[in-house]
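Engineer: The task is simple: from the sequences and hints, build the whole structure.
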Amino acid sequence: MNFSLRSILAFFILVCLAVADWQYHSRPDLSPPRLNITIPATSDVEQGYIFVAPYNANQGYKQDGSDQPEQPAAYIFRNDGDLVWSSVSYLSGFVSNFQPARYQGQDILLAGEPQDLFLHEFTIVDEKTALVEIYDQIPIDLSPWSGNETQRWLVDAIVQELDIETGDVLFEWRSLDHVDPSHSVLPLGQRPFEGTSSFEAWDYFHINSIDKNEEGDYLISGRHVSAVYKLDGKTGDIVWQIGGKNSDFKFEDKELQFAFQHDARFRGREDDVEFISLFDNGAGSNGHQGGDKNKIRNFSTGKTARVVQEVVHPEKIHGASQGNTQILSNGNIFANWGQAGEITEFRGNDSTPIFNARLDSGDLGAGVQNYRGFRGGWTGRPKEPPAIVALEGEDGAVGVYVSWNGDTETTKSWRFFAKREGKQKLLGEKERKGFETVLEAKSTDFEVNQEIEIFAEALDGNGRVISRTEVAALRRDVRVEDSLQILLQGGQEVMKL
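Mapped onto mature numbering (1 follows the signal peptide of the UniProt record, and there is no 0), the consecutive letters of the sequence shown carry residue numbers -20 to -1, 1 to 477.
No lab work stands behind these hints: they were computed from the structure.
Computed from a predicted structure; not experimentally measured.
Hints may contain errors.
As the list claims (entries may be wrong) - Just the calculated beta-carbon pair ranges, DEER-fashion:
id: 1; residue 1: Gly196; residue 2: Gly379; range: 54 to 60 Å
id: 2; residue 1: Thr18; residue 2: Lys392; range: 26 to 32 Å
id: 3; residue 1: Lys392; residue 2: Glu194; range: 37 to 43 Å
id: 4; residue 1: Tyr70; residue 2: Gly196; range: 32 to 38 Å
id: 5; residue 1: Thr176; residue 2: Tyr83; range: 38 to 44 Å
id: 6; residue 1: Gly441; residue 2: Gln3; range: 24 to 30 Å
id: 7; residue 1: Arg82; residue 2: Gly248; range: 16 to 22 Å
id: 8; residue 1: Gln117; residue 2: Glu232; range: 38 to 44 Å
Virtual Cβ for every residue (Gly too), placed ideally from N, Cα, C.
Structural biologist: This is the structure in structure tokens:
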């Protein structure tokens, strides 16, 4: 079968038009989620940006992808939903644990991919070491836990603290050495953990968070045993267990009950009382529906526990999986609702929601999920150059669009120039107010012809030039509604695109 160059080009353009949603003229390759902000940020929110990685696991939703983000990836947003950075050029698809961190005196970004060993946890301690989890599929006789002859695989959950620079293992703990599989609330044989192969190994423990306190002890969360454990940092022995079978703590009220939790964290100590927080998913438990609550608890050496503070989603949505809680420097609580695909910031003193957003809009937000979400400070200094495009409309109006993916507060304004035959002319200067800045002009302002070139300079708050774009030739603006008409005009017009 023969195809003409024209038909191939036409197909290519149509595909591009279908993929791009034209949010940014200077970066048509970027189609970030459009945050659906249901509670605009008040003056009480903590300073900093929003770090999320929306995706859709396509479980229980439409299978054609029409209900998930167009570009699952890691993103940094401002409170108004304006994009700061998209990871699409560097990291795309499912991204876990995306957040700012520090390592050896430098600010860095952390992110995990599905093929990484440390999908659930990678926490840097004292800018030197990392807390990580490993899922070790091992062959084992499962008959003590009602396994048959075909069921011979189990996941042994491993906790490690590593020296990041050398890779040396400083601490290791294995669930099978300390927690009997009979404690699991996930029955052997329940799909996809049937235990018949290494791929379907029985994930009886499912570790999903690790934390370390100043005394050197560890706090770990076992989702499939519905329990949180404090580990002795020297011996690895279990100091105490809360939740699950054989819990060491007496619950003062039913609100303390949790199930299939995520993100257990140390939150301080006062005398013989310890404070922790966790995200209560409540998935699959008997009569317990969670996933709409983040809880902070305290525990005494007398083995009693009570809820100190609880934050509930404004609309009580249910996140059956994933999720996390972040206590900010001003005392506010930033909650990510995991499978439910929303983020909320609460005022710390009274748990009032002061910001809420769904991580995409319309049909695309129907099945959006986000493993963890954070708020934090970040100064972005991109190594890639700013992007620019100059488009002339049919009425002779010219729009010059410029953006710099990842730049935060460095660029205060953009200065635009037209260049022709070695001479350049200042077109104007525009204050930067969002991801993309546009300068509007008339083609008669600078004698547009096929030889004209346009570029822009990024200026900081002191008016110093900190970067500049490549030069861009002026070209005709192409919009989605005009695409068919342009394609029908012939191969030459298509080539111009």
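Engineer: Taking the hints in turn, state whether each one holds.
Structural biologist: Hint by hint, here is what the structure shows:
Restraint check, Gly196 to Gly379: a C-beta distance of roughly 59 Å satisfies the suggested window 54 to 60 Å. The supplied range of 26 to 32 Å is met by Thr18 and Lys392, whose beta-carbon atoms lie about 31 Å from each other. The hint said 37 to 43 Å for the Cβ distance between Lys392 and Glu194, and at roughly 41 Å that hint holds. Between Tyr70 and Gly196 the CB atoms are about 35 Å apart, so this pair conforms to the stated range of 32 to 38 Å.
Between Thr176 and Tyr83 the C-beta distance comes to about 41 Å, which sits within the given range of 38 to 44 Å. The given range of 24 to 30 Å is respected by Gly441 and Gln3, whose C-beta atoms sit roughly 27 Å from each other. Between Arg82 and Gly248 the beta carbon distance is about 21 Å. The supplied range of 16 to 22 Å therefore holds. A beta carbon spacing of about 39 Å between Gln117 and Glu232 agrees with the range 38 to 44 Å that was offered as a hint.
In summary, this structure violates none of the numbered hints.
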